[in-house]
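Trainee: Line by line, the protein sequences are chains H and G. Heads up, the first sequence is in this note's numbering, so the first residue is 17 and it goes up one at a time. Heads up, the second sequence is in this note's numbering, so the first residue is 469 and it goes up one at a time.
Read the hints as simulated data drawn from the structure, not as lab findings. Yeah, the Cβ is synthetic: ideal placement off N, Cα and C, and Gly gets one too. Fair warning: there could be bad hints in the mix.
Said to hold, decoys possible - Just a few of them, taken from the derived set where beta-carbon distance is under 7 Å, the chain H residues facing chain G:
{"hint": "1", "residue": "34"}
{"hint": "2", "residue": "36"}
{"hint": "3", "residue": "41"}
{"hint": "4", "residue": "51"}
{"hint": "5", "residue": "71"}
{"hint": "6", "residue": "73"}
{"hint": "7", "residue": "250"}
{"hint": "8", "residue": "257"}
{"hint": "9", "residue": "260"}
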Amino acid sequence: MKNLLLLLATVISFISCEEVVDINLHDGNQQLVINAQFAVGNDSLSMPLTTTGRFTDAAGIGPISNASIFITDQNGNTGLFSETTTGQYLLVNYGFVTGNTYSLSATDGVRTAHATSTVPAKAMIDSVQLEVIQLSGFDFYNVHVYTVDPAPEANYFRSRLSYYHFPFQESSNAIADVLNTNGVIDVPIPYGGSFFHGDTLTIELWSMDEPGFQFYRTFNQAANSHPSSSASPFNVTSNVLGGLGLFTIYQRDEYTYIVD
Amino acid sequence: MSLPIIRFLLGTCLAAFLTVIVGNQSYGQNEFTISGSMRDSVSGEELIGASVFDLTTKSGASTNIYGFYSLTLPAGKHSLVYSYLGFDSDTLQINLKQNITKTLALQTSNVRLEDVIIKATKDNDRVSNTDVGIVKMDIKELNAIPVLFGEKDILNALQLMPGISSSGEGKAGFFVRGGNVGQNLVLLDEATVYNPSHLLGFFSVFNSDAVKDVTLYKSGIPAEFGGRSSSVLDVHMRDGNLKKYSVSGGLGLISARLTAEGPIVKNKGSFIVTGRRTYMDLFIPLLSPESKVNQVYFYDFNAKLNYRINEKHRVFLSGYYGHDALSFGNEDINWGNALGSFRWNWVVNEKLFSNTSLAFSQYEAQKGYNSPNSDYELRSGIMDFTLKEDLNYYQNPKNTLRFGVHETFHVYSISKLESRSVDGRTSQLPKDGYATETAIYASNEQKISKRFNAKYGLRLSMFNRLGPDISYTYNAYNLATDSTRYRPLQNMVSYFGFEPRASISYAVTRAIGLKASYQRMYQYTHLISNSTSSTPNDLWMPSSSIIKPQFSDQFTVSYFHDVLHGMLDISVEGYYKILHNAIDYENGANIVSHPNVESQLAFGIGRAYGVEFLIRKTRGKLTGWIAYTLSRTERKIAGINNGGYYPARQDRPHDLAIVINYKVAKRWSISANWVYYTGNAVTFPVGYYIFNNRSVPFFTSKNGYRMPDYHRLDLGVTLHGKENKKFHSDWTLSIYNVYSRLNAYSISYQESTTNPGTVEAVKFSLFPVVPSINWSFKF
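Please build the complete structure, drawing on both the sequences and the hints.
Mentor: Structure follows, in structure tokens:
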């Protein structure tokens, strides 16, 4: 629409124009950003702690050093993270129990951020199917990941794909199954790549809590977007109080698929 | 109670009311009625709002929209003054012994038009009438206002009045007292205009050569109007010269227009046909042969026939068709309105006037992309079939009743997507909707005392969403969880609206009036937009089980002061409007081609309040006005902005317009406008962060920032052709945006080309200084 408008104005007047302007964005207050996504069963819990930066020049964005980060379960069992490299923190040998609720707190001495997460039941990958999409003479694949949702609670899922040693793709497919039917649901990975006979695909299924689902439901719409182009610019739904980002504990299942 | 029973009861009430009115044609002791019409002696066109005043009893009446008047007086001798602004008054001495019909043709006044600009039936009618928040635009006044490219435009001129705002350069539609563009009912000869803009808002669909009367209701909306929650713009076309043929037109920088009119049967029937087209696209290949521009133009036609069968019956047939086309490279967008109406005026008797209307209205928009490997086309639109019966009953000089019934059948094309890939595969996303909208109303305009007048009424409306269709239930994540399928014409959901209307006025003195009004307005058809400004592809959607009807309550108080017998008007109006079931969009909403658009909407309340100031000089060599509006418009929607109030996009705290016209010499006039308004409320990011190796912007409050304030100066000079010549022409030179202010159309953020790694704000402006020349002619 903007291109057409530019065209119209140019044709009409030959003199419409663009120029760089200064907008005071009131962006003085930086916030802590937590990226704490922990899989049940991992012995090492690693997370970065960063800060937001100015929108125009990213001034101020970067890792936070010498922060105090700890995690506590509902019974008061606490684990304290230690800084390994600048802004990167590690906790070892802290196990998670399905159904328990954990609290994460991080402070740099000036700002404090806090979040909670409840460990969901684990869903297993039941089967995987590829769907071929032909577009402009090429074959693209959607990967359908089927699982049986654990009843009776509402369940939230996310799936990822890795192949040819590429890391897992950050796909846009958080799925909520709130019907609690204990039925088979599809957690698809819309993937724009092409596979060949004999390719080995590694599929990962996350069973998450609701905050994790809400975060990823909005994350891929907001990330890398142009703020002025949306009908309603919005913030990614975060469960971090006093900051941004995500704290979620998830169950993980992995599946290997050989392309026919 | 079932739908058919409700309809039957409403119809029965109307019929009973009508029977009582017609059946009880009792007159007071020796009272008789003089009725008829008032016309322009030159063209034969009916005069709207013309006055007949009895000097004996000091009572009077005005002509309605079809030029009909009715005045009941005691038997005996009377001295009646017939008057209309810009025309010589006529006095009639009568001895009333029975009901009589008298049609008058008034002569155009020798007083210069610029000396009498504002319409008034008597010198203090504006003080005592119950018009609150009503703007009547004089077409002659329109011609004096300098505008973009010299193209006279009704909507652009209306936006210079207080309480009426432009949605911005390059944006379609207008705002009225904080309402958005989809909350204005726009009518052309009784047919609804769904998109009144050409070329994304640069021009309106109204060809001023064809327009006879323009009235915009900001408040004090009569009971005969309904269906929108903010305002009503009622436009009537000219009927055509009943006495002689004439041709008029104009040639401007980017468009040409032509009008032809004349009698079909002299003094009985006439026609008028007008057309316009832009022609800038014809020059593109010449200027830039390698240009990717394919099309950029609009055209429109108006046609109207009318025939006076006899003094009691008259019929009208009106039509409009307009089309806009923009295409660049592989992208194209087309839209247009098609309207038609048939009306039958029947003077039932000297007190009862009937107008029956059958109207058709269609709006379609199409957006497409074409390439050798794939293409898509997205269509949307709406179609209405309307039947109206409106009656005016002039019971006595103190009471004028208006009542009627309206029925509309809506067909909505909400979203039709067709796409094709290289292997020929197609996909479709059809989504149609059907509904009926019924209204019955009754109102009375009453002269309670010499100083105190009132207008009060009630409109009852009903909306029925019909099948075939599927109704969905959604969960908290806007995912459809259940559905119900409906058969054709099966009722899906019904809504009922109770819409009281009231206005009062009190003439403190002959020159000072105090007024107040209250109205409730229901809206069942909603305009849904996916962008920060209105576009032709915005969707018109019906109310449903999810989308409740919007309705507004508006209170207005007004002070009016007529200074120096109409030389200067001063008015101050305050208003407060509450909007219920206001619509906004869920965070991250995606309306384009979404299979269930209603799942992307969020609902809450809105409020708008403000004060409007208008000082207007209407006579003399120097005329013009200063209009200033101080206002706020806010929304409160669950899930947005933490549930607190936030500025609506159309919030415009300050809006100022200064319009000056000066008659330099007999044939020369100059004019100037200066407009200023606060920039639109927008949402900008305040920072960003990195998550999973992706940058994520974050925002604070919704609409917490402002675009830069808008202001510009326009100048114009007109050389009027010599009068009393068979061929008359005017030349107008105008300069739009004289000091070349680069007002912001949009601001977007892009990576800097001069400083990589940083993001900069880029302002896109449409028009710096734009001179233009325009030639108008008539013979």
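Trainee: Can you list which hints this structure breaks, lowest number first?
Mentor: Hint 8 is the one this structure does not satisfy, whereas the remaining hints hold.
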